[in-house]
Amino acid sequence: PPDDRLAVRARQRTPWPGPPPHCSVLVVGGSGRTGARLVRRLCADPTLEVKVLARDPAKGARVLEQEGRPASSSSSGAGGAVEIVQGDMLNLDAWAHILDDVDVIVTAVSCGLRTDPFVLLGLRPAPANLPHVVDADGIAQLARAAREHGVKRIVAVTTASTGTPWSFAAMFLNSLCYMSVKWKFAGEQAIRESGVDYVIIRPFGLMDTPVGKETGLGVEFSQGKTEGTRRRIAREDVARLCHEALRSPTSTSTFECWNSASADRQFPWTRLKPDSAGKLEDVNHNIAVATFVAGIGGASALTAVSVASVTMRLLRFVRR
27 PPDDRLAVRA RQRTPWPGPP PHCSVLVVGG SGRTGARLVR RLCADPTLEV KVLARDPAKG
87 ARVLEQEGRP ASSSSSGAGG AVEIVQGDML NLDAWAHILD DVDVIVTAVS CGLRTDPFVL
147 LGLRPAPANL PHVVDADGIA QLARAAREHG VKRIVAVTTA STGTPWSFAA MFLNSLCYMS
207 VKWKFAGEQA IRESGVDYVI IRPFGLMDTP VGKETGLGVE FSQGKTEGTR RRIAREDVAR
267 LCHEALRSPT STSTFECWNS ASADRQFPWT RLKPDSAGKL EDVNHNIAVA TFVAGIGGAS
327 ALTAVSVASV TMRLLRFVRR
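According to the numbering used here, the residues represented by the sequence shown are 27 to 346, in order.
In case anyone wonders, no lab produced these hints; they're calculated from the structure. Each residue gets a CB set at the ideal place from its N, CA and C atoms; glycine is no exception. Possibly wrong hints are sitting among the right ones.
Said to hold, decoys possible - Here are the simulated lysine-lysine pairs, DSS-like style, with alpha carbons at most 27 Å apart: (1) K85 - K299; (2) K299 - K178; (3) K305 - K178.
As the list claims (entries may be wrong) - Between beta-carbon pairs, the in silico distance windows are: (4) H175 - L116: 17 to 23 Å; (5) S286 - L149: 25 to 31 Å; (6) V145 - P72: 42 to 48 Å; (7) R59 - G176: 28 to 34 Å; (8) T73 - P143: 48 to 54 Å; (9) L116 - T73: 28 to 34 Å.
Throw the hints in and build the complete structure from the sequences for me.
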């Protein structure tokens, strides 16, 4: 079965040798607020050849040009124009061949859809790009393709709440955004099982700061079930971490991160510990969200029947 093969590949993972002197990077989600900042940084590195996946190449080019980066439909070599690769996470087979020439994938993709109660109740068709399609199935397909085409490392930006389903942030975001945190965790697990070397970055609350301007802040990190709703990190610093992760000595590591004025500006990559072989211990987001939603329903003085009905419909939806 495919899952068994992935588990074997994870156990057979080869040590990260580091990128070649000139390396090709594919950015997935490069037109988003974090991704665009990352592309700006990567383009300033003369040792990198940068490709950006975009469903709509014209829109992707406009976003990059607004960032002051020229875009082209074909590669211009390291340090040149960004290559826009037309492709969709939902149709990976159509463009996976370009991974033959990619050393590292950086994904900052995020679905971003808000939960529609009418969809949950079956009164409106579900969007095609739900989180379980993009953040879970899409990332899983990307990880498998990376393995098959010889990609050496995946750097993935997810969220700090993935490992803590009972945290307020996880319950709130899961309820608000079609179980997005749950499905990001599923995407993480697929990367871990793929056999490709990886660094998974779990930022706390993201802040928008001036594009291209250094924040001057350090970054603290933890590797575990870190909770909290007051921690924040600038998108600019998440982009910086992604850039550094291309060549970081750490291997197969997952960490949560947030800004701190007292932390060292130089991120301590050598202090990161590798994850255990295979995937991390699974966590259950379903029960936490069902409890959260039922509690809100009770607080809103809904009838017991209504609370139970909505909760059961939500549970059926999230178990897909």
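Right, here's what the structure says about each hint:
1. Between K85 and K299 the alpha-carbon distance is near 39 Å, which puts this suggested pair outside the 27 Å criterion.
2. For the suggested pair K299 and K178, the alpha carbons sit about 19 Å apart, so the restraint of at most 27 Å is met.
3. Proximity of K305 to K178 is assessed by CA-CA distance (about 18 Å); at most 27 Å being required, the pair is judged to hold.
4. Between H175 and L116, the C-beta spacing of about 18 Å keeps the proposed range 17 to 23 Å intact.
5. For the hinted restraint 25 to 31 Å between S286 and L149, the CB-CB distance of approximately 46 Å leaves it violated.
6. Remark: the range hint 42 to 48 Å for V145 to P72 is upheld by a beta-carbon distance near 47 Å.
7. Between R59 and G176 the beta carbon distance is about 31 Å. The supplied range of 28 to 34 Å therefore holds.
8. A C-beta distance of roughly 49 Å is found between T73 and P143, which places it inside the suggested range of 48 to 54 Å.
9. Checked against the hint of 28 to 34 Å, the C-beta distance between L116 and T73 comes to roughly 32 Å, which is consistent with it.
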